[in-house]
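Q: In the order they appear, the protein sequences are chains A and B.
Residue 915 is where the first sequence starts when you use our numbering, and the numbers rise one by one after that.
Residue 915 is where the second sequence starts when you use our numbering, and the numbers rise one by one after that.
Don't read these hints as lab results, they were simulated from the structure.
Incorrect hints may have been included.
Since copy identity is lost for identical chains, a pair holds within one copy or between any two.
Pairs of lysine to any residue residues, derived as SDA-like cross-links and limited to a Cα-Cα distance of at most 25 Å, are as follows [to be verified]: (1) K995 to A1316; (2) K978 to R1099; (3) K977 to R997; (4) K1167 to E1201; (5) K977 to R1033; (6) K978 to E1089; (7) K977 to D1168; (8) K1293 to D973; (9) K1167 to E1313; (10) K991 to D1235; (11) K1167 to N959; (12) K991 to E1357; (13) K978 to E1011; (14) K995 to D1016; (15) K1293 to A1221; (16) K978 to D1168.
Source: prediction; values computed, not measured.
Below are the chains, spelled out letter by letter.
2 protein chains.
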Amino acid sequence: MAWKTTESESLLLQAPLRATAGGRSRRPVSGPVPVVTLGLIGMGNVGTAVVRLLQENGDLIEKKTGIRLELRRVAVKHLSKRRGIALPAGVLTDRAEAVVADPSLDLVIELMGGISPARRYVLRAMESGKSVVTANKALLATWGAQLLSAAGRSGVDLACEASVAGTIPILRVLEEGLAANRIERIIGIINGTTNYILTRMAERGESFGAALAEAQRQGLAEADPSLDVSGEDAAHKLAILAALAFGIQVRQKDIFVEGIDALTPEDFAGARSFGYALKLLAMARSEEPVVELRVHPTLIPAAHPLAAIRNEFNAVMVVGDASRETMYVGRGAGPMPTASAVLSDVIACAERRLGRCPVKEHAGPVGPRRRNVFWGNRKVRRMGEVVSRYYLRFPIHDEPGAIGVLSSTLGRHRVSLSDVRASVVDADRATGIVEIVTHGAAEREVAAAVAEIGRASILRAPARLLRIEELRT
Amino acid sequence: MAWKTTESESLLLQAPLRATAGGRSRRPVSGPVPVVTLGLIGMGNVGTAVVRLLQENGDLIEKKTGIRLELRRVAVKHLSKRRGIALPAGVLTDRAEAVVADPSLDLVIELMGGISPARRYVLRAMESGKSVVTANKALLATWGAQLLSAAGRSGVDLACEASVAGTIPILRVLEEGLAANRIERIIGIINGTTNYILTRMAERGESFGAALAEAQRQGLAEADPSLDVSGEDAAHKLAILAALAFGIQVRQKDIFVEGIDALTPEDFAGARSFGYALKLLAMARSEEPVVELRVHPTLIPAAHPLAAIRNEFNAVMVVGDASRETMYVGRGAGPMPTASAVLSDVIACAERRLGRCPVKEHAGPVGPRRRNVFWGNRKVRRMGEVVSRYYLRFPIHDEPGAIGVLSSTLGRHRVSLSDVRASVVDADRATGIVEIVTHGAAEREVAAAVAEIGRASILRAPARLLRIEELRT
Chain A
915 MAWKTTESES LLLQAPLRAT AGGRSRRPVS GPVPVVTLGL IGMGNVGTAV VRLLQENGDL
975 IEKKTGIRLE LRRVAVKHLS KRRGIALPAG VLTDRAEAVV ADPSLDLVIE LMGGISPARR
1035 YVLRAMESGK SVVTANKALL ATWGAQLLSA AGRSGVDLAC EASVAGTIPI LRVLEEGLAA
1095 NRIERIIGII NGTTNYILTR MAERGESFGA ALAEAQRQGL AEADPSLDVS GEDAAHKLAI
1155 LAALAFGIQV RQKDIFVEGI DALTPEDFAG ARSFGYALKL LAMARSEEPV VELRVHPTLI
1215 PAAHPLAAIR NEFNAVMVVG DASRETMYVG RGAGPMPTAS AVLSDVIACA ERRLGRCPVK
1275 EHAGPVGPRR RNVFWGNRKV RRMGEVVSRY YLRFPIHDEP GAIGVLSSTL GRHRVSLSDV
1335 RASVVDADRA TGIVEIVTHG AAEREVAAAV AEIGRASILR APARLLRIEE LRT
Chain B
915 MAWKTTESES LLLQAPLRAT AGGRSRRPVS GPVPVVTLGL IGMGNVGTAV VRLLQENGDL
975 IEKKTGIRLE LRRVAVKHLS KRRGIALPAG VLTDRAEAVV ADPSLDLVIE LMGGISPARR
1035 YVLRAMESGK SVVTANKALL ATWGAQLLSA AGRSGVDLAC EASVAGTIPI LRVLEEGLAA
1095 NRIERIIGII NGTTNYILTR MAERGESFGA ALAEAQRQGL AEADPSLDVS GEDAAHKLAI
1155 LAALAFGIQV RQKDIFVEGI DALTPEDFAG ARSFGYALKL LAMARSEEPV VELRVHPTLI
1215 PAAHPLAAIR NEFNAVMVVG DASRETMYVG RGAGPMPTAS AVLSDVIACA ERRLGRCPVK
1275 EHAGPVGPRR RNVFWGNRKV RRMGEVVSRY YLRFPIHDEP GAIGVLSSTL GRHRVSLSDV
1335 RASVVDADRA TGIVEIVTHG AAEREVAAAV AEIGRASILR APARLLRIEE LRT
């Protein structure tokens, strides 16, 4: 784990002699290759992909970085399970404690998921001086602050690129690529399952139930899909993004969350007829002195690049005060794309551990990156105060004056109308639909107006309210 | 520049006492804030934006990173020029030598452009122990290897995020975010000027000349636009991207380059009629044991996200073996977006200089990141051997048998046709147009067939050949 031999078991320096490609001669390479030793907890789909990617690209990573990553211990639940991947004898164990306590390891990758006992293992690994790489967004969204300060106390890195937006290196973008910016907005499609469902509903006119069933058949939705379709998973990820972007500590209850399970084919048809696409967006916006944090189905201009993000792909748009609009696209899930993000963290942590002290006789690992974790301190705007445009759909009894009631009620609540379209559903039964796109209005006012209209006995079914984000194309 | 005071002038540690926001009390912050001192060479549009961004966001950057960036010296050509930006007395100089030689500076930002004398200044700065941040793609494309090894010898960083794709942190993505991947392909729209021109030609049917004139009026094209419209600028950037992605040293002559100045409204109409958009793409593809490197106008499926990249925006698609398709979008030029990239490098270099040695009595800067620069060694495929699909347009004398000559000549060269459309231009004069989309064929064969057709006296004007990239949407 460093550039000279010490008593640490982790300093397994490789021999400087290597065969050349042709195999005819051997010559020394420029010096010993430092080894960083890894432990892994959890070998499900992503864990298996991490092991495979290390096996396939370990030599390439060594060529690029000059560092050998060596997987020493892997903790699994069931030792006997077949995984289609070969590991040297002695690597597998069913005791995660043995991995986090192993003094020969430099770094632990936590991929078991869930909060307990993952939290305990992560803490123990860091306390014993190991950097930790995790993809566990639920753990980070709930215990992130505590884990980060524990990492600081122990002088180790805690990295979690794979926890948000799969393969997209979005945390690095926020922390490094856009580091000089005051981040103004983040708008993300950060749940692949729901984006797949919405793509099918939009392109094939399927119902939510049918599209969900297909997602489950494709392995893109869990048997219990509630964490995804409720928007909660996206909210976990938004908490991480907003924390990095604004330097704030986000509690889940600060995020307004609305899922996609109530969406109908009529919502997609309505959106399309006004020139919009319908996506589940996670949004964070800074408007000093407050921030807005919300996850909900949203109408966006059909020509905006985010509207073209299909199926299980994720995309995050980040607006900085200097960079202006930027966007990052990639697969939000899947074993290998996620393993790519996990190993990018492993490589970064390994490189930091191998940073060199300039004093030759003390060459050794340097500390983790020093970053202030929560440098901002902001209030979250209540949803009622959020201003946006709205798409409203009112199934009405087609009586004289119904449209008058709608527009006058909205007007009394200072909701002004940008576009109104009335259509007859059934002339015999005198039923119709009125669709309205409003100008910018406060959620509180729109909700009050819609509630008042609901009491006016002109509706034959509940009104529909969807928010619009007027992104520039 | 470090965590304890030494004799170095660069260790200007700030006082630990700061006023709180309310100004009523003073309390110590957690410790002294380390200062990294900067010199800047060149204060054109981007240089001015860097100074402004440092002034506007310097406090924010300190909050995020715990590092104070202090601009000490700025070399300009004309001291008397008004720049609308205030600098402390003594900062401005018209002697770049004084900046690169100043022992109190930790880092030099080179934004003067051009190869000479920029190269000399960069080398001098590094030799005297300063890290260098530059946006100078021409310098990097021609002298990159030498500069990188000079940086290695001096133990400093040389960073150049702003040299490719403006504000998009694409070099960081290749070096870090996708570090665990074997990169298979890079497909980029990396010249904002030409993308703006092509957007106008596509959306408004303008001629190349008219669109170029408008780009010049908008300040998006130089008075002499040849570096951009010839594709050379994109080739410079592609050389940098390919070097990082594949670990190879790229010579400009290895890149096939074709510009956009010969494109006509008919090309856009033809592309559209077959379902394609027309973009100037810079492409690098790895196919062991060779790589392909090319810049040329290219037809891509109209529904692909790259087709939606409009005006001066840039986008880079990167395909890794684990990540699969990823895409990065943002402004490719403009003072503030570029300054965002420049300062992201400054922050990264500053953080590396401040990495800590664990031996307390020797706390001090650690070395730069160790990366192997050229770890790959590959041949470049000759353009004649490149296989792709083609769009061909033949303005013909509408004589019996003309289409027969076309298809049989192409067939003899093993170019098979996917779609053929013939249309009459002027029935009286018996003139027509035949448009063909081919299946995959080697460039050499297609070019030979087109040349042979040119000699067959069935054409009333030269044939048009454009390459197609069948990106999946």
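Q: Next step is simple, just say for each hint if it's right about the structure.
A: Evaluated hints:
no.: 1; hint: K995 to A1316; verdict: neither (65 Å within a copy, 67 Å between copies)
no.: 2; hint: K978 to R1099; verdict: between (34 Å within a copy, 17 Å between copies)
no.: 3; hint: K977 to R997; verdict: neither (28 Å within a copy, 46 Å between copies)
no.: 4; hint: K1167 to E1201; verdict: within (19 Å within a copy, 50 Å between copies)
no.: 5; hint: K977 to R1033; verdict: neither (34 Å within a copy, 28 Å between copies)
no.: 6; hint: K978 to E1089; verdict: both (23 Å within a copy, 9 Å between copies)
no.: 7; hint: K977 to D1168; verdict: between (45 Å within a copy, 23 Å between copies)
no.: 8; hint: K1293 to D973; verdict: between (48 Å within a copy, 20 Å between copies)
no.: 9; hint: K1167 to E1313; verdict: neither (42 Å within a copy, 75 Å between copies)
no.: 10; hint: K991 to D1235; verdict: neither (47 Å within a copy, 29 Å between copies)
no.: 11; hint: K1167 to N959; verdict: neither (31 Å within a copy, 44 Å between copies)
no.: 12; hint: K991 to E1357; verdict: neither (48 Å within a copy, 55 Å between copies)
no.: 13; hint: K978 to E1011; verdict: neither (33 Å within a copy, 35 Å between copies)
no.: 14; hint: K995 to D1016; verdict: within (23 Å within a copy, 64 Å between copies)
no.: 15; hint: K1293 to A1221; verdict: neither (30 Å within a copy, 40 Å between copies)
no.: 16; hint: K978 to D1168; verdict: between (42 Å within a copy, 22 Å between copies)
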